[in-house]
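All chains, please: the whole structure from these sequences, using the hints.
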Amino acid sequence: MSYTMFSAFEFKRKDTYIHNLDPRTKMFMTLIFMTVALLFTSIVPLLITFIATLIPVLLAKSVKEWLSSLKGTTMLLVFILVINSFVRDLNFAVAMVLRLIVLITAFSAFFLTTHPDDLAQALIQMKVPFDFAFALSMATRYVPTLAREAQTIMDAQMSRGLELQRGGLTQKIRNLIPLIIPLIVNSVRRAMSIAESLESRAFGAIKKRTYLYQLKLTKGDFLFLCFLIMYFVTMIYLKFYFPFTTWMEWKLPL
Amino acid sequence: MVLIEIKNLSFTYANTEEPAIKNIDLTINEGEFVLLTGPSGCGKTTLCRCLNGLIPHFYNGEMEGDVIIDGLNTKEHPVYELAQKVGLVFQDPENQLVSLNVEKELAFAPENLGLPREEIRKRVEETLQLLKIEHLRHKAPYELSGGEQQRVAIASVLTLKPKILVLDEPTSNLDPKGAEQVLKTIKKLNEELNVTIILIEHRLDLILPYTSRVVLMDKGEIILDAPPYEAFCSSIPEEIGVDVPVSIKLYNELLKIGMKFNKVPLSTKDAAELLTEVLK
Amino acid sequence: MIEVADLWFTYPEGTIALRGVSLRIGDGESIAIMGENGAGKTTLVKHFNGLLKPQKGTVLIDGVDTREVSVAKLAKKVGLVFQNPDHQLFSSTVEEEVMFALKNLGFTSEEIKERTNWVLKFLDLEKYRERSPLSLSGGERKRVALASVLCVKPKILVLDEPTIGQDAKQKRKLGELLKKYQEEGNTVIVVTHDVEFASKYFKRIVVMAKGKVIADGPPNKVLTNPTILNESSLTPPQVAILSYEIAKKINNFPKDIVLFNDLLQEVITRVKR
Ligand SMILES: Nc1ncnc2c1ncn2[C@@H]1O[C@H](COP(=O)(O)OP(=O)(O)OP(=O)(O)O)[C@@H](O)[C@H]1O
Ligand SMILES: Nc1ncnc2c1ncn2[C@@H]1O[C@H](COP(=O)(O)OP(=O)(O)OP(=O)(O)O)[C@@H](O)[C@H]1O
Ligand SMILES: [Mg+2]
Ligand SMILES: [Mg+2]
Numbered sequence: 000m001s002y003t004m005f006s007a008f009e010f011k012r013k014d015t016y017i018h019n020l021d022p023r024t025k026m027f028m029t030l031i032f033m034t035v036a037l038l039f040t041s042i043v044p045l046l047i048t049f050i051a052t053l054i055p056v057l058l059a060k061s062v063k064e065w066l067s068s069l070k071g072t073t074m075l076l077v078f079i080l081v082i083n084s085f086v087r088d089l090n091f092a093v094a095m096v097l098r099l100i101v102l103i104t105a106f107s108a109f110f111l112t113t114h115p116d117d118l119a120q121a122l123i124q125m126k127v128p129f130d131f132a133f134a135l136s137m138a139t140r141y142v143p144t145l146a147r148e149a150q151t152i153m154d155a156q157m158s159r160g161l162e163l164q165r166g167g168l169t170q171k172i173r174n175l176i177p178l179i180i181p182l183i184v185n186s187v188r189r190a191m192s193i194a195e196s197l198e199s200r201a202f203g204a205i206k207k208r209t210y211l212y213q214l215k216l217t218k219g220d221f222l223f224l225c226f227l228i229m230y231f232v233t234m235i236y237l238k239f240y241f242p243f244t245t246w247m248e249w250k251l252p253l
Numbered sequence: 000m001v002l003i004e005i006k007n008l009s010f011t012y013a014n015t016e017e018p019a020i021k022n023i024d025l026t027i028n029e030g031e032f033v034l035l036t037g038p039s040g041c042g043k044t045t046l047c048r049c050l051n052g053l054i055p056h057f058y059n060g061e062m063e064g065d066v067i068i069d070g071l072n073t074k075e076h077p078v079y080e081l082a083q084k085v086g087l088v089f090q091d092p093e094n095q096l097v098s099l100n101v102e103k104e105l106a107f108a109p110e111n112l113g114l115p116r117e118e119i120r121k122r123v124e125e126t127l128q129l130l131k132i133e134h135l136r137h138k139a140p141y142e143l144s145g146g147e148q149q150r151v152a153i154a155s156v157l158t159l160k161p162k163i164l165v166l167d168e169p170t171s172n173l174d175p176k177g178a179e180q181v182l183k184t185i186k187k188l189n190e191e192l193n194v195t196i197i198l199i200e201h202r203l204d205l206i207l208p209y210t211s212r213v214v215l216m217d218k219g220e221i222i223l224d225a226p227p228y229e230a231f232c233s234s235i236p237e238e239i240g241v242d243v244p245v246s247i248k249l250y251n252e253l254l255k256i257g258m259k260f261n262k263v264p265l266s267t268k269d270a271a272e273l274l275t276e277v278l279k
Numbered sequence: 000m001i002e003v004a005d006l007w008f009t010y011p012e013g014t015i016a017l018r019g020v021s022l023r024i025g026d027g028e029s030i031a032i033m034g035e036n037g038a039g040k041t042t043l044v045k046h047f048n049g050l051l052k053p054q055k056g057t058v059l060i061d062g063v064d065t066r067e068v069s070v071a072k073l074a075k076k077v078g079l080v081f082q083n084p085d086h087q088l089f090s091s092t093v094e095e096e097v098m099f100a101l102k103n104l105g106f107t108s109e110e111i112k113e114r115t116n117w118v119l120k121f122l123d124l125e126k127y128r129e130r131s132p133l134s135l136s137g138g139e140r141k142r143v144a145l146a147s148v149l150c151v152k153p154k155i156l157v158l159d160e161p162t163i164g165q166d167a168k169q170k171r172k173l174g175e176l177l178k179k180y181q182e183e184g185n186t187v188i189v190v191t192h193d194v195e196f197a198s199k200y201f202k203r204i205v206v207m208a209k210g211k212v213i214a215d216g217p218p219n220k221v222l223t224n225p226t227i228l229n230e231s232s233l234t235p236p237q238v239a240i241l242s243y244e245i246a247k248k249i250n251n252f253p254k255d256i257v258l259f260n261d262l263l264q265e266v267i268t269r270v271k272r
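Read top to bottom, the protein sequences are chains A, B and C.
Numbered continuously in numbering that gives the first Met the number 0, the first sequence closes out at residue 253.
Numbered continuously in numbering that gives the first Met the number 0, the second sequence closes out at residue 279.
Numbered continuously in numbering that gives the first Met the number 0, the third sequence closes out at residue 272.
Hints are supplied without guarantee of correctness; some may be wrong.
Covered stretches of chain C, going by a simulated chain B footprint (3 or more residues, C-beta under 8 Å) [stated by the list, open to error]:
#1 30 to 41
#2 130 to 141
#3 244 to 250
If you're looking for bench data, these hints aren't it; they were derived computationally from the structure.
Being a predicted model, the structure only gives us computed values, none of them experimental.
Even glycine gets a Cβ: it sits at the ideal position worked out from N, Cα and C.
Below is the structure:
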């Protein structure tokens, strides 16, 4: 179950326009969508933004993956809807749900289409220190491995009759010990063994590492960036200079 | 030419009482294919760690004696320098493949050395071709079979152009065909590029036909060091519980009932020929 | 008895691991399940004690559908030992490690004591009773993991890759122990890549490839059949290669011997003739 959560945000290799964009371009895209989503609190502009975020998802042929990452957050969305309609009103609640959907969509459009190694490379070229970028890429590399390992440990202990639901609160906490200890032991062992392998491949030999790949912005990137900026400027104009009151502030007919 | 010289080596891990290896003396020449075997816990992995300086630089403990690799004393040179002489490949490919793309995996080591990009590109291409894994270049580890993963792991140390390759049970997680692929690759490196091989294995039948030398360890010490036919004609492997290949076991049994042969069959193929002769 | 009928299983992210497996395993059998990496062997055995429930098809253990009982309940009947002992060891002493399953499954303290003693003796672990499992060697940890499941005396014992990282002597010991346990009337099932081990200690070989069972029979029929071996990334055991090679040249020499002693006898009788 936990595994599906991870895999929803996981990169899937495909050959599409969006997949082939530079990670920096896509980072900029996510940033713009986030900013716009946070600027507005009414339904119509958020709906427009939502449709805009859908475009890269569609272009990336990743609708199925996007839907499954949304599904993972259904509970959260329902929660936000209920809370906000009590605290404020239904209009605001719907807007907030839309806003969250936009954020999730913007992030999935990034993570579903960006190879973690490319992300690391992009960060390095943006002057993030190598150690940090490398740690990040290792983390994404090993998340599925660790998730699967956790599952195996759970299976192994259940085969010995462990029942997590059994007993009162303290017992339930104690039930976790047979899972946590092997998890720690294995993570440490794995870390040692990875370190040993890195060390044997001259990791950290010199300060100034070179890189096989170098990311370069292409025409496709510039085109995409142009559209993004146009979109952003339009939204800003709508927000601050457009004499709205009319359709932009449209409310649910309650 | 002597490539590896180990003189009176002992090592005790920090926080342990007993030395994991003791009084090791071993000289290995360029181009040899050495099989290192012995019961579980006898110190094989520990000895490997001494060859590229992981001991004493990465593992804490008490080291005595010297290890000299192609003229470099491991005590005086850092691991990254020794790694360009000795490539180490481990049992579990999952922990050796740290990128999500084969090309990057191969580039990782030379990148660490700060080599120029053209040189890295050249090494990556050469190695991909050599190990016949060009078609895998854009794949992630989880898209590869066990045998392919382990070949990529081998490739990822070869881009440092080591003269020596040390492999610690590289096939134990693989299915038999995957294991065969990996062993063939290792043999090829030895024969075509004259890479010196030190291979740890429990299943001797697979490797014996390729090796020029068998080193047996028990309780931290080397107890036998001989060419394969000699090693397995002695009773030592049996005594310490090392598996004797079927061809040799059969040969030994037939000697017992008084039969005579003019050579020791190291592979099943040899044994089949020998027996066909006898049974004709 | 295990009855698997048209079993299908797909992992959440889309890998179809089992594609219609049907299999009957009678009481007291000794079986090795073999096949390439990713064939679905581990996925299959996780169905035997209900860790995974069939998405399509059924798995019956002694006539009971695994969907209708908890893993804990099945654990009394089906013991599953995982490949990596470090995935289960967590106690501070070997003795406690062994008692964990017994306590979970509600045995009386009398029984717990008796079974713990039995299993430590059976697996030759008495001298480690008070030791921390994590301080033991790889081979020993594997034995403790086995003990921690075997203590329940399950009628069906399943081991996933028990020989990895074991030296020849440990393998031989393990083979003998499993044989002994099976001869006491229990079913023993191993998942293994080790053709030598499988052909030596097991009477029935089930071969899987790509989520299906592609062969099922005694070692000398299955592990000598080139088509089957090819499809499942297996290689024949050494003895089989020898007998096959000799049979090519020598008239009516049997080409499907898999046991060393059989081969030796065959050769000796022919030489003496
Ligand atoms: N990192 C470590 N810290 C402390 N002790 C260790 C460490 N690694 C190995 N040992 C100990 O050193 C001894 C030799 O272990 P080593 O791993 O070298 O054996 P091995 O021959 O490779 O065995 P196997 O065939 O099981 O892999 C063992 O007693 C082991 O417990
Ligand atoms: N927890 C999991 N989540 C997702 N996919 C999995 C999981 N476990 C296994 N798989 C996939 O299901 C398929 C069957 O795997 P399984 O582990 O059953 O194979 P196996 O025959 O045991 O292989 P091996 O010999 O390598 O142990 C493989 O493609 C594997 O990648
Ligand atoms: Mg070892
Ligand atoms: Mg498996």
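Do the hints match the structure? See the list:
Given as covered by chain B, the region 30 to 41 of chain C passes the check, having 4 residues with a CB less than 8 Å from a CB of that chain where 3 are the minimum. With 3 residues having a beta carbon nearer than 8 Å to a beta carbon of chain B, the region 130 to 141 of chain C meets the requirement of three or more and the stated coverage holds. Interface restraint, the region 244 to 250 of chain C with chain B: holds (4 residues with C-beta to C-beta distance below 8 Å; minimum three).
Every hint from the earlier list agrees with this structure, and none is contradicted.
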